[in-house]
Structure formats: C-alpha cells, structure tokens
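Just so you know, the protein sequences line up as chains X and C, in that order. This note's numbering numbers the first residue of the first sequence as 1 and each following residue consecutively. This note's numbering numbers the first residue of the second sequence as 1 and each following residue consecutively.
These are calculated hints, taken from the structure and not from any lab test. From a predicted model like this one, the values you see are computed outputs, not experimental measurements. Certain hints may be false.
Claimed, not checked - Below, a sample of chain C positions facing chain X; criterion: calculated Cβ distance under 7 angstroms:
(1) Thr5
(2) Glu8
(3) Gly43
(4) Leu44
(5) Leu48
(6) Tyr98
(7) Phe102
Positions of the beta carbon are idealized from the N, C-alpha and C atoms, including for glycine.
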Amino acid sequence: DAGVIQSPRHEVTEMGQEVTLRCKPISGHNSLFWYRQTMMRGLELLIYFNNNVPIDDSGMPEDRFSAKMPNASFSTLKIQPSEPRDSAVYFCASSAGNGDTIYFGEGSWLTVV
Amino acid sequence: GDSVTQMEGPVTLSEEAFLTINCTYTATGYPSLFWYVQYPGEGLQLLLKATKADDKGSNKGFEATYRKETTSFHLEKGSVQVSDSAVYFCALRRSGTYKYIFGTGTRLKVLA
C-alpha cells in the first residue's frame with residue numbers, strides 16, 4: 001500500500017521566493033496534518049484538516065504560511081515569501097479518523113538561503 | 001496542559017546491549033501513548049502503542065508498558081542492533097482528539 005507521499009523531497013530556494021510543498025495522503029484517510037520539525041522546536045503541528053476542512057490552524061506561524069486541501073487526495077503548504085528561518089523539515093501525515101494512528105510521509109527538506 | 005518528557009540523548013550503546021529510553025507524561029484523563037521511530041532521512045514511523053493502563057505495546061523486539069501510577073511509558077529492548085540507530089519519539093493523544101503531543105526525541109546510536 002502506498003503511504004503518504006510528499007514532494008519535493010528536497011528544496012533549496014532563495015529568500016523571498018514562494019515555496020509550495022505537496023502531499024498526497026493515504027487513500028481513504030480523512031484527516032491530514034502538516035508538521036514542521038526543527039532542532040530548536042522539535043515537531044510542531046502547523047495545521048489539521050478533517051474531511052478537507054481546516055479544523056485547527058493555530059500552529060501556522062504567520063500570514064506567510066497558507067495551506068489548502070482542495071480534495072481528499074491532495075494538500076499543499078505554501079510559504080510566500082520564504083525566509084531563512086523557515087528552513088526545516090515539513091512533514092505531512094494522515095489518519096483514518098479522529099483518534100486513529102497517524103502515518104507520516106518522508107518529509108520535505110526545505111532550505112532557504 | 002498536556003506534555004511529554006523524554007530523557008535527553010544521545011544514547012550510545014554497543015550492539016546487544018539493553019536499551020531503556022525513559023518517557024513520562026502529564027495529561028488529564030486516559031491518553032493513548034505511542035512510540036515513533038525516525039530513521040535518518042525518513043519520516044516518523046509508528047513503533048508501538050498502548051491505549052489503556054497496564055497495556056503493553058510491542059514490536060520488533062521493543063516493548064513499553066503504560067504505567068498510570070507513575071505516568072510513564074518507558075521504551076525497552078533486550079538486545080539492540082546497529083540497525084536500531086535512529087531517533088525515538090514518545091507521544092500522547094487524548095482520547096477522542098486529533099492532537100498528538102510529541103516529546104523532543106532521543107537519538108540512539110548503536111555501535112558494532
């Protein structure tokens with residue numbers, strides 16, 4: 001079975017550029033999460049979708065970050081404009097429902113120079 | 001609020017040594033408890049879980065027992081291998097909620 005699929009795996013971009021990270025959750029899962037991992041802060045939940053609707057975006061750092069889930073099989077996390085402090089690993093994860101185990105993708109490793 | 005505290009790493013062991021990684025938690029009610037493992041360059045993978053007090057989760061030789069009296073969920077393995085080198089995350093989730101609380105992770109390095 002295919003797991004959570006993220007793209008790109010690695011991205012290096014210049015400060016001020018727009019970055020779009022993509023995620024395909026596991027088929028049949030109706031909950032989707034975006035996490036950010038850094039050495040300083042560990043794993044932080046950025047946003048949670050349920051049935052394609054954003055339920056909790058309290059972890060989104062600021063207005064430069066936005067996330068969408070236009071359908072059950074696709075989500076994007078966009079950073080515009082990007083800054084060096086956005087450098088991190090961004091994980092997408094999905095689960096079959098509220099309270100079920102979540103499954104992580106392999107992450108998108110972002111470096112902003 | 002809810003929180004998870006893990007022992008500081010890195011932990012360095014020789015192959016076949018006994019492993020313990022401590023994890024304690026603070027939460028209201030009866031959360032589910034998890035151990036996730038992250039191998040280099042990969043995402044987090046569920047290693048094991050326990051959903052109620054005294055439950056023991058186990059997988060790949062790893063075990064952890066949900067101890068409500070000590071609010072702990074320590075990870076153990078009797079004989080580690082080089083391939084177990086990874087970062088291990090303890091986590092909790094309150095019943096009926098979506099939000100996971102992760103510990104800061106403990107890096108394990110196993111030497112041949």
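Now the hints, each set against the structure:
1. Hint on Thr5 (chain C) is violated. Least Cβ distance to chain X is approximately 12 angstroms, over the 7 angstroms limit.
2. Taking 7 angstroms as the C-beta contact cut-off toward chain X, the hint placing Glu8 (chain C) at the interface is violated, the least distance being around 13 angstroms.
3. Residue-level restraint check for Gly43 (chain C) holds (minimum Cβ-Cβ distance to chain X is 4 angstroms; threshold 7 angstroms).
4. Because the smallest distance between the Cβ of Leu44 (chain C) and any Cβ of chain X comes to about 4 angstroms, under 7 angstroms, the interface hint for this residue holds.
5. Using the Cβ-Cβ criterion of 7 angstroms, the hint placing Leu48 (chain C) at the interface with chain X is not satisfied: the shortest such distance is roughly 11 angstroms.
6. The beta carbon of Tyr98 (chain C) comes within 5 angstroms of a beta carbon in chain X, closer than 7 angstroms, and the hint placing it at the interface holds.
7. Using the Cβ-Cβ criterion of 7 angstroms, the hint placing Phe102 (chain C) at the interface with chain X is satisfied: the shortest such distance is roughly 5 angstroms.
Comparing the model with each earlier hint shows violations of hints 1, 2 and 5; every other hint is respected.
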